[in-house]
Structures are given as C-alpha cells and as structure tokens.
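Number of protein chains: 2
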Amino acid sequence: MALIRSAFQDELDGVSQSLVDLTNMVSESIVKSSKALLSADLKLAEEVIATDVKIDDYQHELDARIIDIIARQQPVASDLRALITALRMSADLERMGDLAHHIAKVARLRHPNSAIPADLVLAFTEMGHVAEKLATKVATVITTRDTDMALQVEKDDDEMDELHKKVIIGITNGGAGITIESAIDLTLLGRYYERFADHAVAVARRVYFLVKGEFPQ
Amino acid sequence: MALIRSAFQDELDGVSQSLVDLTNMVSESIVKSSKALLSADLKLAEEVIATDVKIDDYQHELDARIIDIIARQQPVASDLRALITALRMSADLERMGDLAHHIAKVARLRHPNSAIPADLVLAFTEMGHVAEKLATKVATVITTRDTDMALQVEKDDDEMDELHKKVIIGITNGGAGITIESAIDLTLLGRYYERFADHAVAVARRVYFLVKGEFPQ
Chain A
31 MALIRSAFQD ELDGVSQSLV DLTNMVSESI VKSSKALLSA DLKLAEEVIA TDVKIDDYQH
91 ELDARIIDII ARQQPVASDL RALITALRMS ADLERMGDLA HHIAKVARLR HPNSAIPADL
151 VLAFTEMGHV AEKLATKVAT VITTRDTDMA LQVEKDDDEM DELHKKVIIG ITNGGAGITI
211 ESAIDLTLLG RYYERFADHA VAVARRVYFL VKGEFPQ
Chain B
31 MALIRSAFQD ELDGVSQSLV DLTNMVSESI VKSSKALLSA DLKLAEEVIA TDVKIDDYQH
91 ELDARIIDII ARQQPVASDL RALITALRMS ADLERMGDLA HHIAKVARLR HPNSAIPADL
151 VLAFTEMGHV AEKLATKVAT VITTRDTDMA LQVEKDDDEM DELHKKVIIG ITNGGAGITI
211 ESAIDLTLLG RYYERFADHA VAVARRVYFL VKGEFPQ
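Heads up: the sequence lines are chains A and B, in that order. Counting from 31, one number per residue, gives the positions in the first sequence under this note's numbering. Counting from 31, one number per residue, gives the positions in the second sequence under this note's numbering.
In isolation and in its complexed conformation, chain A is listed as follows (with noise of 0.2 Å):
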C-alpha cells in the first residue's frame, strides 16, 4: 500500500513538474515577443509563433495523463482536488502562451515598423518586465507552494493594470504620433498584457487556494 500511494505521490510529482515546464515555455515566450515587438525583431516574433504549437501539444498531453490519472488512482478529498486544479492551471498557462503568440503576431504584421511609437516604449518595456516577473514567480509558486509569493503575484497585477491604464493614457494623449491604425494595435497589446498577468494571477490564487482552503481576501 506504502509503495502504491508513493507511485502516486510520483504521478502527482510529475503533474506539478509538468505545469512548472509549461510556465517556463510561457515565460520565454513572452520575453521572447517583448523584445520582437520593441526591437521589430521578424525572426525572434516567428519564434513565438512557431512554439506556439509546442505548448498548446504539451498540455494536451499534460491533460491526458491528469485525466488518466483521476481515472486509474481515483483520488478523492484533497488529492482530486488537486488533479482538478492542475488541468485548469494548464488552461491558464496554455491561454499566457497563446497571448505572447498574439503579442508576437502584432510585432510580424508591423515589421519592419515598430508597433511601438517612442512615447510607449518605456511602458510596453515595463509591461514586457512585469510579465516575465509573473511568470518566473507563478513557476516559483507552483514549485514551492509558499502562499507569501502567491499573494505577491496579485501585488505584480496591480502593477501590470497601472502600467496598462498608463498606456490607455498615453494613446488617447498620443496627440499626432498616435494614428487611429495605431491605437487599435496598441489597444490590444495592451490587453494581451493585461490578460496574461490575470490568468498568471489565476494560477497563483489556485495554488493558495491547494493550500490554505480559500482563496486569498
């Protein structure tokens, strides 16, 4: 019985080490389409859109071995719970993946422009940073479980939706370097921003939640 429930232990291991892989291919894809979309960078943003592809595979096949696994172990109580949990942090992952790829895609259409006038590029850089700062910590949180860096996270959002209001302001500001093209690719850069910080939030508050019973507030 020890040795089966350590097998499982095993399982639950890999479940939580495959998340952790799957944060870092995120976490490389968003610098990775920061730094095409600021630098113009045609070879770097294909990158991102061709590994697109490899994150959205590697949580499928994460997915499917988390459903085998609730089907052969049948856990009940907190071990289900925690299988559960796993496939919507995948969900969330996989959808801060797509989002870089949205980013890297905007970087592509304009180039060999820069979708980044000169009075945003401090805040799409601080935007780009506060991302990679996210992600590094989600993959910390899944690794450690400590409760103090989840609620950090929350505190990195709160950055991300100032650095975001910032960049609303700055297009409606914009004056005559803002055309209306523009606006609506910063528009939505910003929001591909936005979102991925929720969903890294996401993750952090579903690990609090593993651990504590509740979610945070």
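Be a bit skeptical, because a hint or two may be false.
Heads up, the list lumps identical chains together, so a pair's fine if it works in one copy or across two of them.
Claimed, not checked - No more than 25 Å apart at the CA atoms, straight line, and that leaves these computed lysine to any residue pairs for SDA-like:
#1 LYS195 x PRO142
#2 LYS195 x ARG221
#3 LYS84 x ILE97
#4 LYS135 x SER212
#5 LYS163 x SER46
#6 LYS73 x PRO246
#7 LYS84 x ARG118
No lab work stands behind these hints, which were simulated from the structure alone. Every value quoted in this text rests on a predicted model; they were computed, and no experiment measured them.
Chain A is already provided as a structure; the job is to place chain B on it using the hints.
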C-alpha cells in the same frame, strides 16, 4: 446496481441541465448588454453588471457539484471524460458572461452617450445578433448533442470574424467621426464579441468531441 447507475445518470443529466441554464443566463446577458450598448441604456447595462456575480456563483456551485460527483462515483472512461468536459464548458460559459459584462461596462462608462458611432451601429447590431444566435445554438447542442449544429456554431463564428474585420476597417477608415478614445472603445468591444464567439465555439467543439471521440476537422 441498475438503480445506482440510474442515480448516477440522473446526476449527469443534472449537470447537463445546469450547463444549459448557465448558457441561458449568458445568452440573456449578451442580449441585454448589446441592447444597452446600442441604445445607451444605463439601466440595462447595470442589470448585466449585477447579473455577472450570479453567473459566477452558479458556475462555482456547478463546479463543486461536478467534483463531488467525480469523488463519490469514481467514474472512468466516457463518464469521467464527460464530467471533466463539463468543467471546461462551465469555464467557457463563465468567461462568456464576463465578456457580456465588459460590454455592459463600456455602455455604462459612455452613458449618456453611445459608445457606437452611427457608421458602426449596423456592424455592432449584427455582432449582437450573431452572439445571441451562438448562445442559443450552444444551449441546443448541449441538450441534444447534435454534432451538425455544433459544426454550425463554427460557421457562425466565421460570420463573427467577418464582422470583427468590418469593425476594424470601420474604425480605421472612420475619418473625423472616430476619435482615438472611441477607437480604443471600439477595438475592445470588437475583441469582446470575438472572444465571446470563440468560447461558444469551444463549448460546441467539446460536445462534438464527447460524441465523436475527436475534434471536428
């Protein structure tokens, strides 16, 4: 044994009915938010905003029930797959409710003005109609498991994508009638309708998968 099986079947049917109820709530929200948007109707916008909490609560209750069924009944194979899929559908439906809520919030923000300039009233009216059609079909697909209708939902989504392109072109070519602020609103609104349709397609595809064992195409 036949009795136990039947009780379980009742539970599965109950989940299916709850998904339909959730779809109907979302359908009502998108109809109301579209009307609020086009007629700058503050009262209707407030109604949608107030209803969003009810949709969220309904989803949480449903998810808890699904997880409880998995824990108690320990289903395998197709029954487990149906229950996991129900969890994913409820997440899609809840998100559709959020998007209707976002649309209502833009309507409220711009009240007593309308967020939609005269040139784009027709396109947004059509987007509202397509969104309603999608939600209505999704409810039928969940009830009947009609895979032909699931495929129709994908076709309707193509219609939404065309309307979305029309909106983007309308914003870009809007001339003097479109301010930068208005371009931001319209870009986000277009995105909300597009995402609403994407989630409707996701629900229809999941039903298709349950019936056919593979995704369409």
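Of the numbered hints stated previously, which ones are contradicted by the structure, given in increasing order? 6
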